[in-house]
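Protein chains: 2
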Amino acid sequence: MSPKITTELLKQLRQVMKSPKYVQEPVQAYIVPSGDAHQSEYIAPCDCRRAFISGFDGSAGTAIVTEQHAAMWTDGRYFLQAAHQMDNNWTLMKMGLKDTPTQEDWLVSVLPEGSKVGVDPFIIPADQWKRMSKALRSAGHDLVPVKENLIDTIWTDCPQRPCKPLITLDLSYTGVSWRDKIVALRSKMAERKVLWFVVTALDEVAWLFNLRGSDVEYNPVFFAYAVIGMNTIRLFIDGDRMTDPAVREHLQLDSTLEPEFKIQVMPYGSILSELQAVGASLSPKDKVWLSDKASYALTEAIPKAYRYLTPYTPICIAKAVKNASETEGMRRAHIKDAVALCELFNWLEKEVPKGTVTEIIAADKAEEFRSQQKDFVELSFATISSTGPNGAIIHYKPVPETNRTLSVNEIYLLDSGAQYKDGTTDVTRTMHFGTPSAYEKECFTYVLKGHIAVSAAIFPNGTKGHLLDSFARSALWDCGLDYLHGTGHGVGSFLNVHEGPCGISYKTFADEPLEAGMIVSDEPGYYEDGSFGIRIENVVLVIPAETKYNFKNRGSLTFEPLTLVPIQTKMIDVNLLTQKECNWVNDYHQKCREVIGGELERQGRHEALQWLIRETEPLSRVQ
Amino acid sequence: MSPKITTELLKQLRQVMKSPKYVQEPVQAYIVPSGDAHQSEYIAPCDCRRAFISGFDGSAGTAIVTEQHAAMWTDGRYFLQAAHQMDNNWTLMKMGLKDTPTQEDWLVSVLPEGSKVGVDPFIIPADQWKRMSKALRSAGHDLVPVKENLIDTIWTDCPQRPCKPLITLDLSYTGVSWRDKIVALRSKMAERKVLWFVVTALDEVAWLFNLRGSDVEYNPVFFAYAVIGMNTIRLFIDGDRMTDPAVREHLQLDSTLEPEFKIQVMPYGSILSELQAVGASLSPKDKVWLSDKASYALTEAIPKAYRYLTPYTPICIAKAVKNASETEGMRRAHIKDAVALCELFNWLEKEVPKGTVTEIIAADKAEEFRSQQKDFVELSFATISSTGPNGAIIHYKPVPETNRTLSVNEIYLLDSGAQYKDGTTDVTRTMHFGTPSAYEKECFTYVLKGHIAVSAAIFPNGTKGHLLDSFARSALWDCGLDYLHGTGHGVGSFLNVHEGPCGISYKTFADEPLEAGMIVSDEPGYYEDGSFGIRIENVVLVIPAETKYNFKNRGSLTFEPLTLVPIQTKMIDVNLLTQKECNWVNDYHQKCREVIGGELERQGRHEALQWLIRETEPLSRVQ
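Respectively, the protein sequence lines represent chains A and B. The working numbering applies: residue 538 is where the first sequence begins, and numbers increase by one. The working numbering applies: residue 538 is where the second sequence begins, and numbers increase by one.
Among the hints, erroneous ones may be present.
What the hints assert, rightly or not - In silico DMTMM-like links for lysine to aspartate or glutamate, alpha-carbon gap of 20 Å or less:
#  : chain 1 : residue 1 : chain 2 : residue 2
1  : A       : Lys978    : A       : Glu1065
2  : B       : Lys822    : B       : Glu837
3  : B       : Lys822    : A       : Asp636
4  : B       : Lys730    : A       : Asp642
5  : A       : Lys824    : B       : Asp679
6  : B       : Lys555    : B       : Glu545
7  : B       : Lys824    : B       : Asp679
8  : A       : Lys934    : A       : Asp1066
9  : A       : Lys822    : B       : Asp1110
10 : A       : Lys1117   : B       : Asp1066
11 : B       : Lys730    : A       : Asp636
12 : A       : Lys730    : B       : Glu1138
13 : A       : Lys718    : A       : Asp642
14 : A       : Lys1089   : B       : Asp1066
15 : B       : Lys1085   : A       : Asp642
16 : B       : Lys671    : A       : Asp679
17 : A       : Lys1085   : B       : Asp642
18 : B       : Lys631    : B       : Glu650
19 : B       : Lys824    : A       : Asp1015
20 : B       : Lys1085   : A       : Asp636
21 : A       : Lys555    : A       : Asp679
22 : B       : Lys1044   : A       : Glu1052
23 : A       : Lys635    : B       : Glu1052
24 : B       : Lys1085   : A       : Asp1066
25 : A       : Lys822    : B       : Asp642
26 : A       : Lys1089   : B       : Glu888
To be verified - Simulated coverage check for chain B against chain A, where a stretch passes if three residues somewhere in it have a Cβ under 8 Å from a Cβ of chain A:
#  : segment
27 : 722-728
28 : 807-820
29 : 1087-1100
None of these hints come from the bench; they were simulated from the model. The beta carbon of each residue, even a glycine, is placed where N, CA and C say it ideally should be.
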């Protein structure tokens, strides 16, 4: 992977930063955040402005360009990748390390007195604007909204915004109709005495209306906003998607409905002016509910006194707690996904020794097996298929320049998942097709101990996920090892593979307490730069636990793995496991045999079934 | 303990809340915070306004009185105590429980439209003012500063503000002279381009000048403020304390000094006007550094544009990392403290069966043994001497009405500590002088497992204490048990027994990363309302750890117990311990024998030595 040469682009950007055509006054710095106007993590090609200007295309990162400098902030998952993809014009700012300055501190340290810092107000979330604006102001600078996106002005071959057909989901998938979701939302609004709710996140629009799309790769969402009043529903969406009869029927656009369920369809681009009209129509004490991560532009459309901002919207919270139909769908999706992976690993076991399987071939093969399963839609993220040193690049995606051949001498890490109409999967397995070294087994076993510590953890109702993060690290810490990423993220139900408001991370973020029905990943890892990467990831469902004393009826929770794919026992140093951990592995493998074995049988996949049975032989510890 | 009858007092308070003599406009609610003008946790009798108005005298709590209601917010340590001490006029708001409203939400729910909420601006920290003021304003109410403290107006027999002599500490105790501390502080100020630093916390004034006092019980501090400029030092302090020749010499008040080290002594009450004068003298870009917990009154004295507010001051952070002289002092203090406790427990073992030892007698005896030790000054907090059900009242203090007799049938919990000139101690032991039940042993053993999990934890440099909190709970959680308090707090060096900026808690607070030299407590517990309380507390020093792989030279940390007092093996169900945990207990007891045994020998305390040897017999597990 050679870095993108950005000298000319940066020169152009620095010119438009001073051009009266685009800015009222010259800006001395320009911020290029990662997201789109919906603060999405995964974005459409037309929104990949930070990748365009810098070359770094990981899922998280913020670029800041000044007259003299260009700097990129990203987190531990991407340190190596960013260093590879960016040329010498760029300084990498490693977030999470002690000496790395914040964006604000860095700006203050490099800017001349009284500088203006520009940013697209549609792209920056209101909470970030506020924090950054305050910090800059207190140092004598100004954060200013630049209406026209300056990257777009120099991006001559920028792709069009996608506008693909929609998928309607019936009750058997969603469990709750969109009408009932609107009713529940309005009751939350009434509780908080709020008149309007603005839906800005793409997955929240999709969830609310039981619709899916494919405007953004891997995330089954579509570009839209919604504004919900106590008696009105406005959906801002472009294209001829609303002429599709299935969609019209699903949304009952042509039915005689009670007026409060009549959906008004409006152009996507009219959201700002419509919201400004709402803002202008308000009486004292009226409130409009927005996420505090909504864009600065939309937030400003509502006068400050009328705003009701929360870190998580009621849709975000309702969406996180899966109902019975969604949970059953997730189970089905994970069974199908495990079938595909058993096929893949069986195939790899035979093919790798021949020296013909590259990372890309393995990833394609994984997709092929998945696509054979019922209701398969697409992958849920770019497959991380990495062998040897590539495994240490935490969010690696194989490209021809980096593509290594799998061998019997290197560890292979596969982090992959799919969107099925009934659910979203995300699973990581780390394997060796020859004989792992004692050190590799040692590291793998510590990671496994951490995985089990989270998966088997019992904790009282009301516990936040971040309190479980250290459990995943304890075995690694004891030996002086660690990993620079969180341990888990929320997972959507045929929706985004990363979703809030819960997660398991050492980063103190305002996560909501875990609740039965929430679904998160459990994925500790260990990475040795230049050598190998190890990660063991299951998607797990939060379920009630039974304990001896039950927290004085406060109740307790634990996790049930939805992912049922063998964990390679060859990589385990069984003598580093406690008896309890050893039993966990054996019970888990027994369940893989029963559930996935049954499905492999039904699908007539006998060779993969034999592989599964071989891979799930019980471990036993030397006493 | 019978509750304080507050009907008449609340009537009087509600009158002055409307009286034009004290308030410009009537206030519909009045907030009585816990602290004093220095946001101290422990306060002088003249500052115990919340206890005066409500009867509840725990160390944490905020009272709010409206025309119709009186409500008290406190945390899990104090639920039982507050319920006992307050009459029916008061509603207890149990912080940390899911359904408990915040003060702001509650106010909004009970106040009539457009209400005014009053508070003493010297008592409320600026950050709390800001949060509360914003929440109230957004609901149409106003937070207003009430200059005269309304509790003081009805508190006819309010005691005088104390003004006791000072103790000077020489280099052998402090390791660094006050001049060098000023130099270090000024260099931190220069780094942040700050011209003035305002010292508002009492322990920070004491630490900076290497002085101690006794104005507040248990905390060796004195009422004072300091304002440090790049060339000036102003100390605001009352009384004839500055006429003491030892103090004058210590501060070099009569020496010919470089002007930048000349201390100007000013009256305590002149801080506001002096700070307003500083505020008025500033040029653009000048900055004044204050804690964001400084009072609203002092913060407002500096115009907003000139303020530099941080959650922790550079003094707070420097004070937390103990130097070699302080660490050695803390070690000495803990050895003396352990000697006193060995004497006490030996005495209790003989006396308790006679049925003549009450909680108060036991507490007094503990103080007597401590006071026999060199450089003993006073206790570091009110001794928690509690037996049976009293043990479940987490911050219980025995009074004649509640005083139980220790017996061979109940668990006894002693949480106590002292101030010695060389250090501060804080230790909890839970004992049974007869035969504990299987259930009591089971609970004790889970608490011990949690204690060990924290004490033996190894973690990378830069880890914040809150990431260790769940380690202390894991064994309890597995059985459906938990405790409603944090696991540890910073401990001062002959200073406050609770100090920032580090700690170990499930509450997400902005703790600073743990560093070698910091000192914290490790004190998980378990409480069964109406039956018993268990807590095992050591004070531990953060030290570098040796690990197999050393976090790629990032380095790692662990804890070394400074407290060396036997943990009662009779209470341990040894079969619930792992071999590693069992070894930890045996190693710990071996160290108690060596270090404390040696000191008992030197002090000729032979009977206590025999007790120590009996109590530190190695455990062994049935395999």
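| message | Hints numbered earlier in the text: which of these fail when held up against the supplied structure? | response | 3, 7, 9, 10, 12, 13, 15, 16, 17, 18, 19, 20, 26, 27 and 28
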